[in-house]
Amino acid sequence: MEKSGKHKELISSEIKEKGKLSYDCDICEKVFSLKCNLNSHKRIHTGEKPFYCDICGKSFYQNIHLTGHGNIHTGDKPYHCGICGISFSQCVTLSKHKRIHTGERPHHCDICGKSFSQSTHLTTHIHIHTGERPYHCDICGKSFSERNTLAAHIRIHTGEKPYHCDICGKSFTQNCTLTTHKRIHTGDKPFYCDICGISFTENSALAIHKRIHTGEKPYQCDICGKSFSERNNLVAHKRIHTDEKPYHCDICGKSFSQSYTLKKHKCIHTGEKPYHCDICRKSFSQNSDLTKHIRTHTGEKPHHCDICGKSFSEHNNLAAHKRTHTGEKPYHCDTCGKSFSERTSLAAHRRIHTGEMPYHRDICGKSFYQNSDLTKHIRIHTGEKPYHCDICGKSFSANSALAIHTRIHTREKPYHCDICGKSFSQSADLKRHKRIHTGEKPYHCDVCGKSFSRNGNLKKHNPVHTGEKPYHCDVCGKLFYQNSNLTRHKIIHTREERKGQLL
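In terms of UniProt numbering, the sequence shown has 158 at position 158, counting the first letter as 1, and numbering is strictly consecutive.
Don't read these hints as lab results, they were simulated from the structure. Just so it is clear, CB atoms sit at the ideal spot from N, CA and C, and this is done for glycine as well. Check each hint, because a few of them may be wrong.
Unchecked claim - Distance ranges between label pairs, derived from CB positions: (1) G159 <-> K394: 30 to 36 Å; (2) D250 <-> T354: 18 to 24 Å; (3) A151 <-> G70: 45 to 51 Å; (4) E216 <-> S372: 29 to 35 Å; (5) C140 <-> I294: 39 to 45 Å; (6) Q220 <-> K459: 45 to 51 Å; (7) K459 <-> C140: 57 to 63 Å; (8) Q220 <-> K58: 39 to 45 Å; (9) P330 <-> G82: 32 to 38 Å; (10) H101 <-> D250: 55 to 61 Å; (11) C305 <-> H164: 43 to 49 Å; (12) H360 <-> G159: 37 to 43 Å.
Please take these sequences and the hints and turn them into a complete structure.
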């Protein structure tokens, strides 16, 4: 208390000193009302840090900063938020936190007008305009616009994780990551969307979510011009162009362009499926897959096409669907040049060239290019037909088969020939039809070289060379190359039977 009284007397004497009410920094010309504040400020220029922590040795410009730092070691959090009750070790941190509730953003960018709740955020933001990255890593040379980002980056090299969760013991390289992690345990989601009311554990997640409403996509690919709402999506997208796959499986050596794809892949080796459906008890290796699965029970389809109004249970299905309208096929095979509207279709196609069939059925030993084909095949053994027609009740083993069947009832023919205008219910039918116009015959006989527009016609032709006649007449035993020839032959017996009845 005595020290505090002396401090007040010092401040009072400073104000009275020579009647002067302002003190100017002779280096940057910043103005202060108190001489003690000027002296503290000058240490920024000189680099002097006279206040030392006797526990960890860290030094500070001001004694108040040392006091706040000491609370990190003691765990003392004397500053409490009167709105949400969260406690803080430093008064300045509480002041910043309160702006979350009040929405106050007193720091404005002179260039674009954007506002921030903290001056440090404004300083960092200005670097976006200037391109300045003043903080450099001595180990790898990488540059950063923020000092704390550099500090966090250096821990990648050192492996240091100084921030520990007192609930589960998990460690982190950054305090902010620990704070966000703790919300998993507490369930706290302090960041709310003022449009739809959804809440988030991180402000950054809220900012990304809001772009769904605004349609903002600020990150653009400088190669193809495609835009994204998230920076990490742009980074992942660029690997399509560069074919970079920096994430490697340490079990089988397979490489991936995205970390989450590697994580999903590893579950194939471990067999781990920690996420369970409460309705049917089916298990999944990822929570996102469980969320998608639950929609098969609820029928929820939250993703809508703004062109035709069709709804989808998954966002990537909507994105793929939209390409049926635009005709966009951004995924190209570097072997044959064929293009695809979906990345998974390209991956499956590439296996035709490599011959890789990584999905195996242990019972019959059959292998497949795609996991979806294996899933469909397994249903042949189990007899499972989980997809039901709401109109006639017919069941199907594949959702795609149900979709095609439904068009019988709706008479929908969404695939149109751009040459003659004829419409088809299936894309495969349109593809075959187009060969009438183009004259394309992609299926060739290895024996005589004859070409066919359909694979089925090639199969019918092959017995001419092999001599195989797999179709038998059950009346006279005659053999035929093709089923159509057997059908025509049976008419002879039908006529003879009718004549016998008349006689």
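Right, here's what the structure says about each hint:
1. Taken as a hint, the range 30 to 36 Å is violated for the pair G159 and K394, whose Cβ atoms sit roughly 59 Å apart.
2. At about 22 Å, the beta-carbon gap between D250 and T354 stays in the expected band of 18 to 24 Å.
3. Separation of A151 from G70 is about 20 Å and departs from the stated range, judged on CB atoms against 45 to 51 Å.
4. Between E216 and S372, the C-beta spacing of about 34 Å keeps the proposed range 29 to 35 Å intact.
5. Checked against the given bound of 39 to 45 Å, the beta carbons of C140 and I294, roughly 43 Å apart, stay inside it.
6. Between Q220 and K459 the C-beta distance comes to about 49 Å, which sits within the given range of 45 to 51 Å.
7. Between K459 and C140 the beta carbon distance is about 59 Å. The supplied range of 57 to 63 Å therefore holds.
8. The hint said 39 to 45 Å for the Cβ distance between Q220 and K58, and at roughly 42 Å that hint holds.
9. Judged by the Cβ atoms, the range 32 to 38 Å given for P330 and G82 is violated: they are separated by roughly 53 Å.
10. Taking the beta carbon of each, H101 and D250 are about 46 Å apart, not inside 55 to 61 Å as hinted.
11. A hinted range of 43 to 49 Å holds for the C-beta pair C305 and H164, which are about 47 Å apart.
12. Taking 37 to 43 Å as the suggested C-beta distance range, the pair H360 and G159 conforms, at roughly 39 Å.
Comparing the model with each numbered hint stated earlier shows that hints 1, 3, 9, 10 do not hold.
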